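K.L.:
Those protein sequences? They're chains E and Z, same order as listed.
Note that the first sequence covers residues 1 to 76 in the numbering used here.
Note that the second sequence covers residues 1 to 131 in the numbering used here.
Don't read these hints as lab results, they were simulated from the structure.
It should be emphasised that the depicted structure is a prediction, and the values quoted were computed from it without experimental measurement.
Certain hints may be false.
The calculated lysine to aspartate or glutamate pairs, modelled on EDC-like cross-linking and capped at a C-alpha distance of 16 Å, are [as the list claims (entries may be wrong)]:
no.	chain 1	residue 1	chain 2	residue 2
1	Z	K69	Z	D15
2	E	K37	Z	E73
3	E	K2	E	E57
4	E	K2	E	E36
5	E	K37	Z	E81
6	E	K2	E	E34
What follows is a set of in silico ranges between Cβ atoms, one per label pair, in the way DEER data are often shown [to be verified]:
no.	chain 1	residue 1	chain 2	residue 2	range
7	Z	S117	E	L42	33 to 41 Å
8	Z	G104	E	G24	50 to 58 Å
9	E	L51	Z	A84	25 to 33 Å
Heads up, the beta-carbon is just placed ideally off N, CA and C, and yes, glycines get one too.
Spelled out from the first residue to the last, the chains are:
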Amino acid sequence: MKNRLRILRAERNWTQGDLAERLGVSRQTINAIETEKYDPSLPLAFDMARLFAMSIESIFDPYGDPNGSGTAKEEK
Amino acid sequence: MTAVTQSQVKTSKLDWMVPASVAGFIVAYFGARILMKIPDLPRALYFAAALLPAPAFLWFLWSMARVQKHADELQRRIQLEALAIAWPLSLAIVMTVSLLQKAGFLGWEPMWVYLPSTYFVGLIWAVRRYQ
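Next up, chain Z with everything else stripped away, as it sits in the complex:
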């Protein structure tokens, strides 16, 4: 029981890390885009700017892994079902947008922006299923 309680305490301590790391990634990503719009910088600085969001993303991956490690069986199942929905939905979006781009109906767009939304669609569906 003590070990379980400690695990739950660890989980609650980790709760803030996922949103914090996502916020860090968003700030770093848009910061990098602003830096890359500055003309005539040394090429090494553009390279550094492109890699600016990477540490925040690694932090996000680490915090998600820690949360999963301390999740209980239903929470893990919810995550699995969310991903099971997100994966084919992401594929459908990428394929459709790609074809629309090829057909000339859409210009170049960073498609990754749409992909996290499919995870949240899956997550909301899975959470509601067990409520």
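One chain only, chain E, in its complex shape:
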């Protein structure tokens, strides 16, 4: 599944380890999600959305549209 995790993490100057610690998962898990080799569970996706103050569909694009997830807006 396409996602914007790497971009969102880079915007905050977080390393994969920083994000992993904030989400309570391993760095390997973050790397696998960023490289689109692993799709997170719904609870983890919700945790990510909460952490970035965005909706899940703003972070993940299930239809794999390379431009589709670039229109995300941060929730106020």
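Dock chain Z against chain E, hints included.
P.N.:
The following block gives chain Z in isolation, referenced to the frame of chain E:
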């Protein structure tokens, strides 16, 4: 967040337990085999020697369960996929070796020795899949 961090700390503390328990089991197993080769010991001592590796194996089971408990979702999935590969591979090895023994091409061999290797084959495959 605090609970999660504590969980990760627990996991890192448990990391050494799995290899330590495996090492303990191997030492106990070969120790038991050496003891059982000594002739003319009381039968109770042979019995005790045969059970010598059991505590180390129970420690191994306990440490693996603890590691799994504190693993995250991808780590659990990797373990599941490793076992999904190991199980049919183990079955294929056991069946093939059994048939070769029955056909007289192989003598008696402790087949369990081959089985952990199938888990490691599965584990390496599953880890590489998500790298």
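K.L.:
Evaluate each hint against the coordinates.
P.N.:
To see whether the hints hold, each was checked on the structure:
{"no.": "1", "hint": "Z/K69 x Z/D15", "result": "12 Å, holds"}
{"no.": "2", "hint": "E/K37 x Z/E73", "result": "14 Å, holds"}
{"no.": "3", "hint": "E/K2 x E/E57", "result": "10 Å, holds"}
{"no.": "4", "hint": "E/K2 x E/E36", "result": "6 Å, holds"}
{"no.": "5", "hint": "E/K37 x Z/E81", "result": "14 Å, holds"}
{"no.": "6", "hint": "E/K2 x E/E34", "result": "9 Å, holds"}
{"no.": "7", "hint": "Z/S117 x E/L42: 33 to 41 Å", "result": "36 Å, holds"}
{"no.": "8", "hint": "Z/G104 x E/G24: 50 to 58 Å", "result": "56 Å, holds"}
{"no.": "9", "hint": "E/L51 x Z/A84: 25 to 33 Å", "result": "32 Å, holds"}
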